[in-house]
Amino acid sequence: MKLDLASRFADGTATLELGGELDLSTVPEAESTLLELEREPHLETIVLDLRKLEFMDSTGLRFVLAAHARATGSEHRFVVIRGGDTVDRVFRLTLLDERLEFADSPRDLFGDGADA
Amino acid sequence: MDDPAPSPDLGSLEAERSDRLLAERALEREQAALAALAAAGERLEFLADASAILAMSLEVGETLQHLADLTVPRLADWCAVDMVEDDGAIELVAVARVDPSRLDIVREKRRHPVQPDAPRGVANVVRTGRSELLEEMPPEIEEVAKRRPDLVGLLGDLQPRSVMTVPLAAGGRVLGAMTFAFADSGRRYTRADLTLAEDLARRAAVAIENARLYELEREARREGEEARLRLQVLAEAGAAMAASLEVRPALASLTGAAARRICDYSLAYLLGPEGRIVDAVGAHRDPARFGSVERLALATLPDLDSEDDLVAGVLRTGEPMLVPDVTPELRDRVMAPGEQRALALELGFSSVIVAPLLARGRTLGALALVRAGDSPAFDEDDLSFATALAARGGLGVDNARLYAEREYVADTLQRSLLPPVLPEVAGLEVGARYVPASEGTQVGGDFYDVFGADGDHWIAVIGDVVGKGAQAAAMMGLARYTIRTAAIAEGRPSAILQTLNRGILSQTGEQRFCTACCVRLLRSGYGARMTVSVGGHPLPLVLHEDGSIDEVGTPGTVLGVFEDATLADQVVDLSHGDALVTFTDGVTDERDGGEEFGESRLNEVLFSLAGRSAQQIADGVLDAVLGFRTGEPKDDIAILVLKVVP
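Those protein sequence lines, which keep their order, are chains L and H.
What the first sequence shows, in this note's numbering, is residues 78 to 193, in sequence order.
What the second sequence shows, in this note's numbering, is residues 14 to 659, in sequence order.
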């Protein structure tokens, strides 16, 4: 099983959808796709959609943290759309669930003040 | 049938049957566990023998021969080791056989070089880095054998019937392959044998790689010495200090050469990293007065802020200085009152040159040359010679420092490859296993350590550095060092991990982080009191003698990412027989296809290991994880077990 990637950009929001397995062998691919996406002009928000991700190890976590660090550095909002329990466990174990912004679905992203 | 005795009611019959069934199952389990234990014990003994061989610093070929000898007959009727040469050719380097008198036959068979594109066998294993297991020789091989009766004749009873070939891989490179064969003994290889062979090959490969690094290091040293020999042609004096690879002896050679050739005595001063003089050496033309010069050098180290001090002036400007005739007033001004002034008077101090020790544009210290009594005053020629000599001195110091740095880097890398020797702790069994990842693209990885802290406390730590390259390796060194140091000042594991968090954050560069579990443990009459803190790491488990398992600790923030890490301490009392099992995510994340080993499998394995020793528990977990996977381990796997024993 490999990593599936789908990226899109609309209204200042860059979304990278990850499916399958994010580990040592697939992180480079995800990294280069995301870096490409981060070059979009008028970028405001970066969204990592992990709902279809089935597995993530510590190198995958490193990818998420590096993306978060870049986003913080360039003052972009950084949101992770929660994955399944296996993936979410990694965030819970590292207490990153308290440190990163999480959403359950893309619709919840702009919930503050806007319509659901 | 007419028996008046009350017939047992169906319920109790059912219960009895299920009791018996349970008892039978328990017996089966027990027997299986005993067999597994015996097998594990045998493997352990075997691997211990192998590790002992690998730990001896022999030449690579010799080591591999010892290793091949060890495998026969326990693991093979014959065993061959092939290595990939620099030009890509595959060479047979070691071979062992049950009957050593017939070794030449194995060699004969392999006289023809291995075809690198062969679809099977050593070439394929070297090319792909994947093991091969042929439980039974396939029929087409028999066909080949029929077509090549010469080969069959040659092989005789050596003809392999079951073969496994495993890669010797370390640091992401395949160095060669080991082939194990059962021939006339009729035995057949199983997956378990393959796991053992792979484990053995992995250890061997790491040892070979270490030996190779060591060789490179020695070669570099030889090259450095050659460069310095060229310097000797340029200036005899310059070479004298080159014999030494440490700063102080290098400076002693420099002052020695100067004192023999150009002055009565000579002093050298060394600048430390903070821009202060940190050391000084001295030499006298007359060996009997060496001690006096040494004392003069060290009595008072020059104060760099002093306007009067000659050495300070040279260090400030980077320019050499000549004072042909030193007046008594100047002498008293530059020499500190007391011992230094008295020694200068005793040794004489009539003409002086001070030149900077320069290397790569930096001033590393200063060389002072002194003439005394009736000796002629220094002139401009002496000044240029002294300047050239000091330049050689600067190079020598720089070389010695570079060498020390390289030693440090090599040492750090090596230590990051080799797990530490675990201490003997009274009332505690310590068991550990570590398997590095097969893909060496990420240097760094898992580490563990157990050491004594204040009083009777013990600190155990296990962690995982996630990052790339030498920086990650350096971070592993940083983590170990920081934890050991922090443990002196800090009692609570959470405070130790906070220190590590800050330590990693203070390093700049590539995004990386570390997860760790730190445990402080104190033995007591009933068992042990343990304080656990966890930073982003899998929570440790306590395995009780009855097989029940508790997760302990509170999840804490991953280390090295946030300034304000959330870390908690949890106090847990352990009874005799309780085992604390700590591990890295390589254990739970190991996968078979899409499925990971996971916590439930870990719990099952631990249940079956209840009551075993700490080392047996670590071995059992590792065997289960390695047996579960299909490919090579992708991540480091580390397991550290502490068991409280009476």
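Incorrect hints may have been included.
Calculated lysine to aspartate or glutamate pairs in the DMTMM-like style (CA-CA distance at most 20 angstroms, straight line) [stated by the list, open to error]: (1) K647(H) x E609(H); (2) K647(H) x E108(L); (3) K647(H) x E131(L); (4) K129(L) x E608(H).
Hints in this document: simulated from the structure, not taken from any laboratory.
Please read these numbers as outputs of a predicted model, since none were measured by experiment.
Evaluation of the provided hints:
1. Note on K647(H) and E609(H): the hinted pairing holds, with a Cα-Cα distance of about 12 angstroms set against a maximum of 20 angstroms.
2. Taking the CA atoms of K647(H) and E108(L), the gap is about 19 angstroms. The hint holds against a cut of 20 angstroms.
3. Distance hint between K647(H) and E131(L) is fulfilled; the C-alpha atoms sit about 17 angstroms from each other, no more than 20 angstroms.
4. Distance hint between K129(L) and E608(H) is fulfilled; the C-alpha atoms sit about 15 angstroms from each other, no more than 20 angstroms.
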